[in-house]
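Listed here are the chains, written in short residue letters.
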Amino acid sequence: MSGEPESGGGVFGWLDRRYGLKPLVEFMRHKEVPIGAHSMVWYYLGGATLFFFAMQVATGALLLLFYQAGEHTSYESIRFITTKVPFGWLVRSLHCWSAHLMIVSLITHMFSTMMLKAYRPPRELTWVTGFVLLTLALGFGFSGYLLPWNELAFFATAVGTDSVKAVPGIGDFLLQVLRGGADVSINTLHRFFGLHVVLLPLATVGLVSAHLLVIQRQGMAPPLGHKVAPRGMRFFPDFALRDLQLWLICLIILTSLAVFLPYGPHIPGIEWELGKKANPLAPAYPGIKPEWYFLWVYQLLKEFPPHFFGMEGPQGALLLISALLGLWAAMPWIDRRAQRDEASPGFSDIGAAALLFLGFLMLMAWDVGGGGDAVKLPDPQQSAHVCALWALGFAAVATALRALFLHQRYFLFTGATALQIALHGLAGLSYLLAAAISLAVLAVGLLVLRARGQDRSEVKP
Amino acid sequence: MIALVLAALFAQAAAAAPPAPLPKPLQTLAEGKHKDGTPILTDKQREALQALPEHTKKLLSDAADSMILGSTEELAALLSLDVQPQVLDLIASDNCVLCHADPQNQKPRALFSPHPATSGSNPLLNLQEMVSDVHFRVGLSCSGCHGGKPTDDSMPKEIAERWPTAEVRHADRSWIPNFCARCHADPQFMRTFNPTMPTDQLAKYKGSKHGQLLLEQHDSKAAQCVSCHSVHGIRSAKSRNSTVNPQRVPETCGKCHADPEYMKGYLTAAGAPLPTDQLAKFKTSVHGQALLVKGDLGAPSCTGCHGSHAAQPPEVAAVSQVCRRCHAQNGILFDGSRHKKVFEEHGWPECGQCHGHHDIQRPTVSLIGNTDDTLCGKCHGQYSRDDPKCNETALHFRTTLDQMIAGRESATGEVEKLAESGLDIEPVSRSLSDLDESLTQSKSKVHSFDSSTFDQAAKPGMEALQKARQEIASAHDEYRFRQRGLVGAICFIALIVVGIGLKLRELERRRNETKP
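For the record, the sequence lines run as chains C and H. With the first letter of the first sequence counted as 1, position 340 gets the number 340 in my numbering; the numbers rise by one all the way through. With the first letter of the second sequence counted as 1, position 128 gets the number 128 in my numbering; the numbers rise by one all the way through.
Because the hints were derived from the structure by calculation, they are not lab data. Each hint should be verified, as a subset may be incorrect.
Facing chain C, a subset of chain H residues (Cβ under 8 angstroms, in silico) [as the list claims (entries may be wrong)]:
id	residue
1	Ile500
2	Lys503
3	Leu504
Restraint ranges, calculated between C-beta atoms of paired labels, are given here [claimed, not checked]:
id	chain 1	residue 1	chain 2	residue 2	range
4	C	Leu439	H	Glu409	54 to 62 angstroms
5	H	Leu297	C	Phe394	53 to 61 angstroms
6	H	Asp477	C	Ile35	47 to 55 angstroms
7	H	Glu409	C	Glu76	27 to 35 angstroms
8	H	Lys44	C	Phe394	52 to 60 angstroms
9	C	Glu76	H	Arg240	37 to 45 angstroms
10	C	Arg409	H	Lys417	49 to 57 angstroms
11	H	Lys417	C	Leu320	39 to 47 angstroms
The beta-carbon is built from N, C-alpha and C at its ideal position, and this holds for glycine as well.
For reference, chain C alone in the conformation it holds in the complex (with noise of 0.2 angstroms):
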């Protein structure tokens, strides 16, 4: 790999003559991946990423040798999967961890970015590519979720599109194309497996693409304040085989997961016991999650009453979801600092702000120390301040590490999140006040800031 490629003879030589290798060949030779002052273990996620997808692929493909979409086939083949087929059991297992594997590295992926602003120009389009990666991602999730037609994907199903219902002036008719019908049926089992195995395959495969195109053609972000890297590792071999060891260990934990937990970690909505089969005509039974990772969507919908300025509570915690998406999608655009590849403190104190945000929604949607059983249900303000307190202390030791290790001084964005969380959890205020009173909190402290123009302290990102 790091010798003179031969153009005259072997294979090389005859792929070279008609297709032109040798300038893709030096490019591959003489790309470097940047060295920073931050840890390179950052650049690695990207690569993790692509081979949990890989494996996506790969699982996938084997589980549609058998996997046949109907409503009297749909749950017997995966019965037939996991029980009859030679390693079945396996490849669903290694389909499921890998999924939720390739959304965790996915998320650390994008806060990684997020962090070391690498979405500052020119690589805004990267980030927005990343970006609609991530909710292909989420489409997958949430389309695979409905195939194996069992009871708890039918119900978490039915409850999960039932929320497009609040888009305004066109929700009734997206859950329509959505279900295929008023109601979750076969029809709708038939869609989400189109799309799952078809139309997100194609788009994803598209736009990973661009997103890897893009990186090839600009490299990858220097450390901020350079506008070329200090130093540089060698893509080949170098970077090429760390990403492979890298891949391998993946590998190594996937599989171990797949054969010690091949159901999941038996926490509701990391679970993917078959259980019984979809009856659409029993009545949904309390406690169904969706997966995890729209947890934070399940729980934002329930903090929001029944009606909020004028619109049906559900429609107003999407509006509030998709400013929330929007904001993040268009962040290259809103970090004026990191335009001029100057540290903006600001953003990195919104990323840990967001990631308390979403923390807090997510333990409360585990009702984490609300009590509840098979008879009791959880009671959601006991539960509010144990998440609260557990909340606030992940967030004060987060901040303490941030202070001492990256010597972070910007920390007004968290402050109002775990002010927020306080009002709600310890205080007994309601999600929506409480979070009202840390927004105006969260305005003064920004005009503030701006007054006395410590905002352009030179406190590192």
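Dock chain H against the given chain C, drawing on the hints supplied.
Positioned in the frame of chain C, the structure of chain H alone reads:
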């Protein structure tokens, strides 16, 4: 198109039109006020009145016009019943009800009120209950029992002649069964209302202990029709609110039979005071739990064993026959067993001797055995000690059942673990279902008190247990294979990871060497 739009507009206009005014007499009555000037009818009641069909309004208005519906308070009471308009039609057509539901016109002892407890009227005259009465619902109102006609404007003399005086009614209640039987023992008459309803209640009652006490000894404390079915609020036994609904029968019987004061002086056939703990015991029994807690209407209540209208103190033979109605197989097995003759000789109630009566508990294997702490052992210790065949049989039953139960319990835990590990538990589950079936059959076959009969049921269970154990063992083997496969794969992948690490180190070293 224009016609459609116009039709829609008209339809909308009609829908938005104000409601038609009430007929004048009813309107006047509806506007009645309290002494302090506040309206008597609540907003909700006014809305309900307005929403009534026109013919119901007309009936009420006619009654108001003739002063039979005499006060706004009565109108409020009728509207507060919250019943279908058809029921209000029945009330508005019945002068007896209208007159006796008017608080302005009746003394409390004769006033039908929706809330007798708060209005201070006779508790038996509950208007809410009366409109739910099965007789009222089929058009048999007051006059059906008391005489007169629903259209009478005043109390006719016939009522006083036909209806016993209060002294007679309360001093000796033996007239009640015959009074109800005027209709309920007449098949021709009953056919017009409910052709499937039996008409032998009085005949049965006469032969019952209650009937004997009341009709022969004129003991008015003895239960008669009203004691169980209530009065002015009688419902079909199918209704959950009926006092004779299977789930409420224990409570209804217990009103008397669980009251030591009320039952004082009543004796059993043996001359002992009649016990009053039956209800408490029944509630703890397997039957009581099934009926009252699980809501299993197939489980017997008091009447399931003792009969209802023909209720009698149980006899030894009768009780075991009652048990056989549901537990037929056990009864047949017992009849063919060695115990049958012995039990008859001793005069023991067959099932009840071992299982008890009102407090029958779910039988467990611990009853069986040859030691003194088991039910078999206790009895045999007294009557048939050291019979080697009996000891051997009891020990065989116990050992086999213990093995099956212990095997089932351990397999349950194993299967749960295997399922969590993602192994196919369907074959084991099938074997365990066979074991469960065999266990149920084997427990039943104990009633044959014969080893070979018992083994016919137990053998398939023991085989199923053996099979389940083998399947569990092979599932464990499969799991170990998976673990070994994983370890092998991990070692292989780890080797490649290490190899890549070494390659990278070598590259680094070479580069350092070639650096000037």
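Here is what the structure says about each hint:
1. Ile500: At about 5 angstroms, which falls below the 8 angstroms cut-off, the nearest Cβ of chain C leaves the hint on H:Ile500 intact, so it holds.
2. Lys503: 6 angstroms, holds
3. Leu504: Since the shortest Cβ distance to chain C is 6 angstroms, the answer is holds.
4. C:Leu439 to H:Glu409: 54 to 62 angstroms: 58 angstroms, holds
5. H:Leu297 to C:Phe394: 53 to 61 angstroms: 55 angstroms, holds
6. H:Asp477 to C:Ile35: 47 to 55 angstroms: 51 angstroms, holds
7. H:Glu409 to C:Glu76: 27 to 35 angstroms: 31 angstroms, holds
8. H:Lys44 to C:Phe394: 52 to 60 angstroms: 53 angstroms, holds
9. C:Glu76 to H:Arg240: 37 to 45 angstroms: Hint holds: Cβ distance 41 angstroms, inside 37 to 45 angstroms.
10. C:Arg409 to H:Lys417: 49 to 57 angstroms: The hinted range 49 to 57 angstroms holds for C:Arg409 and H:Lys417, with Cβ atoms some 52 angstroms apart.
11. H:Lys417 to C:Leu320: 39 to 47 angstroms: Because 44 angstroms falls inside the window, the suggested range holds.
When the structure is compared with the earlier hints, no violation turns up for any of them.
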